[in-house]
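Chemist: Heads up: the sequence shown runs through residues -6 to 139, numbered per my numbering.
Incorrect hints may have been included.
[As the list claims (entries may be wrong)] Computed list of lysine to aspartate or glutamate pairs in EDC-like fashion (alpha-carbon distance at most 20 angstroms, straight line):
| # | residue 1 | residue 2 |
| --- | --- | --- |
| 1 | Lys4 | Glu124 |
| 2 | Lys4 | Asp118 |
| 3 | Lys111 | Asp68 |
[To be verified] Per label pair, the in silico range of CB-to-CB distance:
| # | residue 1 | residue 2 | range |
| --- | --- | --- | --- |
| 4 | Pro38 | Met83 | 17 to 25 angstroms |
| 5 | Tyr71 | Lys125 | 31 to 39 angstroms |
| 6 | Tyr71 | Ser107 | 18 to 26 angstroms |
| 7 | Arg36 | Arg81 | 18 to 26 angstroms |
| 8 | Val35 | Arg79 | 30 to 38 angstroms |
| 9 | Gln53 | Ser107 | 18 to 26 angstroms |
| 10 | Val0 | Gly22 | 30 to 38 angstroms |
None of these hints come from the bench; they were simulated from the model. Note that beta-carbon positions come from the ideal geometry of N, C-alpha and C, so glycine has one too.
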Amino acid sequence: MQMTDEVWTPKILAFCCNWCTYTGADLAGLNRMKYPENVRVVRLPCSSRVNPQFVLRAFQNGCDGVLVCGCHPGDCHYTSGNYYTRRRFMLMKRLMEFAGIDPDRFQIRWISGSEATKFKETVTDVTKLIEKLGPAGKTGERRGMG
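Taking the hints into account, I'd like the entire structure generated from these sequences.
Modeler: Right, dumping it as structure tokens:
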């Protein structure tokens, strides 16, 4: 949890595909588009490289939300990586519920390299959602019980 002048701001970790989403984020920066500063971007070769343990570890280490972004289905540079991502993270939401973490704190989006505006809007929307949910508890705490 990050406090600034007594006001809580969420910590959000965004795992971004090198070929599409990271390029879109870079383009947003080059075009000087403003998006929330509390989002930390981790660049990966493919969204399928995000292990569910990375997501759980992010929450254990104080993140309030996690965003995974990759190429649009059918456009993956590794042929089918984003299909693996989509299947894996449908199950991830169930695991998060079991661990006592609100599944809405975890989001997946498909953003291409030319969609700088979509990247900006996605990051802004996810930040607003996490702000509405409030600070995340520690992993293993049940909502309303910890």
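Chemist: All hints, please: hold or fail.
Modeler: Structure-based check of each hint:
1. Lys4 x Glu124: 10 angstroms, holds
2. Lys4 x Asp118: Judged against 20 angstroms, a Cα distance of about 14 angstroms means the pair holds.
3. Lys111 x Asp68: Distance ~17 angstroms between Lys111 and Asp68 Cα, so the pair holds.
4. Pro38 x Met83: 17 to 25 angstroms: 22 angstroms, holds
5. Tyr71 x Lys125: 31 to 39 angstroms: 35 angstroms, holds
6. Tyr71 x Ser107: 18 to 26 angstroms: Cβ of Tyr71 to Cβ of Ser107: about 19 angstroms, so the range 18 to 26 angstroms holds.
7. Arg36 x Arg81: 18 to 26 angstroms: Check passed, 19 angstroms falls within 18 to 26 angstroms.
8. Val35 x Arg79: 30 to 38 angstroms: Distance hint for Val35, Arg79 is violated at roughly 19 angstroms.
9. Gln53 x Ser107: 18 to 26 angstroms: 35 angstroms, violated
10. Val0 x Gly22: 30 to 38 angstroms: 25 angstroms, violated
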